[in-house]
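Peer 1: Sequence:
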Amino acid sequence: MVGGIMNPWEQALKQLEQVKAYVEIPETIYRRLAEPQNLIKGELEVGGKKYPAWRSQHNDARGPYKGGIRFHPKVSEDEVKALSMWMTFKCATVDIPYGGAKGGVAVEPRQLSKAELEALSRAYARLVTPVIGEKRDIPAPDVNTDGQIMAWMLDEYEKAVGYKAPGTFTGKPIALGGSLGREEATGQGGVQILKALLTQFKVPVATTTVAVQGFGNVGYWFARLAEAAGFKVVAVFDSKGGIVSEDLTGLEIEAVMTHKQKVGKVVGYKGAKDLASEELWSLPVTVVVPAALEGVIDKEVAEKLQAKYVVEMANGPVTPAADTVLKERGIVSVPDVLANAGGVTVSYFEWVQNLQGQAWDLEVVQAQLKRHMEEAFSGVWREWERLEGGQVNPATLKVGMRVPTYTIAVKRVVEAMMLRGNSR
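Under our numbering, think of the first position of the sequence shown as 1, with each following residue one higher.
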């Protein structure tokens, strides 16, 4: 902990520790879960500069490692370790046959030329080639990476191994074996979870106001699809500030994105009021959606939050201390390992298509995603009712929603580890 702020790995370990009260975990298993199985480190040299890079492979008891690669100046070893643990439990939450991994490079990609970005991507692929593969570890896009970067990495990997292996990376362009529906999958899954949650609490969609923090791929698609589903998306924020619609009547998300593409930020959008980033948390909305980076809702933010529901579309956006405050205040926070699992679920579909040499129609992808997300939500809800001893009432919660979600996920991982024995 630095300056009173818990780093992501400490946060992940704290969340794992809290589950021990609800899941019987043998001590040897717990110790293995509390460290990644493998941690690959290196330095990538591009344009005369060196950039630290990592790949954390947390656990593969339920299947090959799976997790994205992010390019961001604040990427650190502790961050990728935490993200890899969260991926293990995310895959288990939606019951897809993967373990968890994550990769990252400490770089500001916007300061690189296209040629330098390609060189960096290929260098990272060379670093991790010995430890990835279609049935070993399958990377994907994450913060500041996209289908083009996956295409460069796939090409570099295939040159190294000497054969075609499109299933080694997901989130690829369609022309290289990507899946229809992958780009919007994380946002789509999140909207489906929000609809399921509000149905349980009998909250009508038409009167539900939503504020989204983060307007990259995940935040944009969540906002766009929430608007299409009938929600009033009244505020969006990016790294430069935010906007809120007049009288909380709702924004036109496509028009906001067009504005952002022209000027590089959402601030200044005609017909909306500009806000400073910190004003998001005090907006009188029904739902707030952190869709950027981890740790943004800490104890201080949780104490002033005006929303009744949080949908964690970022990874690790709510700290353990904030979790406690939210529960005490009757604010329901849908944990990241459930809320944003749509992306890895459709990555799984892409991987299956690659291994089977198939290309699914968009309708098939969307129907399968809907089924997976609804089944995962139903399982978590039943477990939550069990832990609450009956009806889930935000005003009298014994536990927040993270506990039943992690209970299910950790049980599945522990079962797989115990079945495999102690030889690993």
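Check the hints yourself; a few may be wrong.
[What the hints assert, rightly or not] Beta-carbon label-pair distances, calculated as ranges:
no., residue 1, residue 2, range
1, Ser-76, Ala-276, 18 to 28 angstroms
2, Gly-357, Glu-45, 19 to 29 angstroms
3, Lys-164, Ser-282, 18 to 28 angstroms
4, Tyr-30, Lys-135, 20 to 30 angstroms
5, Thr-324, Glu-278, 32 to 42 angstroms
6, Ala-395, Lys-135, 26 to 36 angstroms
7, Glu-388, Gln-358, 35 to 45 angstroms
8, Asp-146, Pro-26, 25 to 35 angstroms
9, Gly-162, Glu-385, 50 to 60 angstroms
10, Gly-390, Lys-14, 27 to 37 angstroms
11, Ser-378, Ala-34, 23 to 33 angstroms
12, Ala-206, Thr-324, 40 to 50 angstroms
13, Thr-207, Arg-136, 45 to 55 angstroms
14, Ser-282, Thr-396, 41 to 51 angstroms
[Unchecked claim] Straight line, CA to CA, 30 angstroms or less: simulated DSSO-like cross-link-like pairs of lysine-lysine:
no., residue 1, residue 2
15, Lys-195, Lys-308
16, Lys-304, Lys-260
17, Lys-114, Lys-240
18, Lys-74, Lys-299
19, Lys-41, Lys-114
20, Lys-299, Lys-240
21, Lys-262, Lys-74
22, Lys-262, Lys-299
23, Lys-260, Lys-240
24, Lys-114, Lys-74
Just so you know, the hints here were simulated from the structure itself, not pulled from any lab data. None of these values were measured; they are calculated from a predicted model. Glycine residues also receive a C-beta, built at the ideal position from the N, C-alpha and C atoms.
Peer 1: Checked against the structure, which of the hints given earlier come out wrong?
Peer 2: 2, 3, 5, 6, 8, 12, 14, 22
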